[in-house]
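With chain A held as given, fit chain B onto it using these hints.
Here the protein sequences line up with chains A and B, keeping their order.
At position 31 of the first sequence (counting the first as 1) the number is 30 in numbering that gives the first Met the number 0, and the numbers step up by one without a gap.
At position 69 of the second sequence (counting the first as 1) the number is 68 in numbering that gives the first Met the number 0, and the numbers step up by one without a gap.
Since the hints were made in silico from the structure, they are not lab data.
No residue lacks a Cβ here, since even glycine has one placed at the ideal position from N, Cα and C.
It is possible that some hints are incorrect.
Sample of chain B residues lacking proximity to chain A, with all beta carbon distances greater than 10 Å (derived) [stated by the list, open to error]:
{"hint": "1", "residue": "I4"}
{"hint": "2", "residue": "T13"}
{"hint": "3", "residue": "F17"}
{"hint": "4", "residue": "L50"}
{"hint": "5", "residue": "F69"}
{"hint": "6", "residue": "E105"}
Some chain B residues close to chain A (C-beta under 10 Å, calculated; not the full set) [said to hold, decoys possible]:
{"hint": "7", "residue": "R33"}
{"hint": "8", "residue": "T42"}
{"hint": "9", "residue": "N44"}
{"hint": "10", "residue": "V49"}
{"hint": "11", "residue": "E52"}
{"hint": "12", "residue": "G53"}
{"hint": "13", "residue": "T54"}
{"hint": "14", "residue": "G55"}
{"hint": "15", "residue": "L58"}
{"hint": "16", "residue": "L67"}
{"hint": "17", "residue": "T71"}
{"hint": "18", "residue": "D74"}
{"hint": "19", "residue": "A76"}
Pair ranges (Cβ atoms, derived) [as the list claims (entries may be wrong)]:
{"hint": "20", "chain 1": "B", "residue 1": "S119", "chain 2": "A", "residue 2": "T127", "range": "50 to 60 Å"}
{"hint": "21", "chain 1": "B", "residue 1": "Q95", "chain 2": "A", "residue 2": "N76", "range": "26 to 36 Å"}
{"hint": "22", "chain 1": "B", "residue 1": "G55", "chain 2": "A", "residue 2": "D5", "range": "31 to 41 Å"}
{"hint": "23", "chain 1": "B", "residue 1": "P30", "chain 2": "A", "residue 2": "V136", "range": "33 to 43 Å"}
{"hint": "24", "chain 1": "B", "residue 1": "D100", "chain 2": "A", "residue 2": "R80", "range": "42 to 52 Å"}
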Amino acid sequence: MSQPFDPEVVSAFVLEAQLTLAPVASALQSRLRDAVELEPELEDELLRATVAVEQTAGFLGIGDVSRLSCAMAALLNARRRGQIAPEPEDLALLTRALERLHQAVSRTTQHGSSDVSAELGAIRARLTSAAEQVAAVAR
Amino acid sequence: MLFEISLVRKGIVTADDFVRALEMQIERRQPIGRICLEQKRLTMNQLFLVLAEGTGQKLPFGEIAIQLGFLTREDLAEMLLLQSERTPTLSECLVQAGALDGEELERERRLFRLLTVEESSHTMIRSEGPRAAAV
Chain A
0 MSQPFDPEVV SAFVLEAQLT LAPVASALQS RLRDAVELEP ELEDELLRAT
50 VAVEQTAGFL GIGDVSRLSC AMAALLNARR RGQIAPEPED LALLTRALER
100 LHQAVSRTTQ HGSSDVSAEL GAIRARLTSA AEQVAAVAR
Chain B
0 MLFEISLVRK GIVTADDFVR ALEMQIERRQ PIGRICLEQK RLTMNQLFLV
50 LAEGTGQKLP FGEIAIQLGF LTREDLAEML LLQSERTPTL SECLVQAGAL
100 DGEELERERR LFRLLTVEES SHTMIRSEGP RAAAV
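With the rest of the complex left out, here is chain A (with noise of 0.2 Å):
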C-alpha cells in the first residue's frame, strides 16, 4: 500500500485548496444571490478547481473531500457534456457542495474526516434523476 504522506504536505494541500476553492465559492454566491444563471466560464473554472482538489485528495487519501469533489465533478461534467440538461436548481446545490467542500478541506489533517453525506446524497440524486429521465426518453 501506498505511504501516507506527511503532515507537511496535507497542509499543503489545505492552504493551495483554499485558495484555489475560495474565488470559486465567493463568485457562486453571488450568483446565487443575484439569481443569475451560472455561465460557462465560471462553470469551467468551478470544475477545474474541483478536479484539482479531488486528484490530489485521493493522492493523500482524504476521502471526504475526494469523494464530495468527485461527484461535484461528475454533476458538471454531464451539464457540460449535454448528458443532463442545465436545472436552476443546479446553482443552489453546486454552491452548498463547494461550501462543504470547502469546510472538509479546513478540517483536513491527515487523519481527520469531515459528514459529507447531505452534499453527496443530493449530487447523486440529481444525477440519478437526470439519468432516469433520458432513459424514460429513450423508452
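Okay, now just chain B, sitting in the frame of chain A:
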C-alpha cells in the same frame, strides 16, 4: 503481457483471473502526480495548476507539466521509471490474486522463454533463407 496471455491460452489461469490481475495492477499504479509530489519535483501549487490545466484535455499529466515548464523530459522519464518500478507486474498480481503459485509461475515462465527463443530462431532462419539455415 504476452506471457500472461499464454497462461490464459493454456488454461493455467482463467480469463477472470487475468482481468482481476489487470484491475489489481491498475489500482496499484501510483499516479505520476503523486510521485512528483512525493519526490518534491512539483510543489502543491504546480500540481494543482497541472491538474486544472488537464481538465477536459486528453494530454497525459506529464506532458502538461512539461508544457507548463514545471518538469523536464528527463524528470518525467525518471518519474515514469519510478512508477514502473513500484507497479507490480501482471504475473505478480496473478500470484497475489491466488490464480497460481510462484513455483508454477516460474516453471511456466521458463517454458515460455524456451519456446520464445525457439520461435525467434525459426523466424530468423525463415527470413534469412535456406543458405543462412544451412550455416
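Exercise for review: Starting from the hint list further up, note which numbers the structure goes against and sort them upward.
Suggested key: 4, 15, 16, 17, 18 and 19
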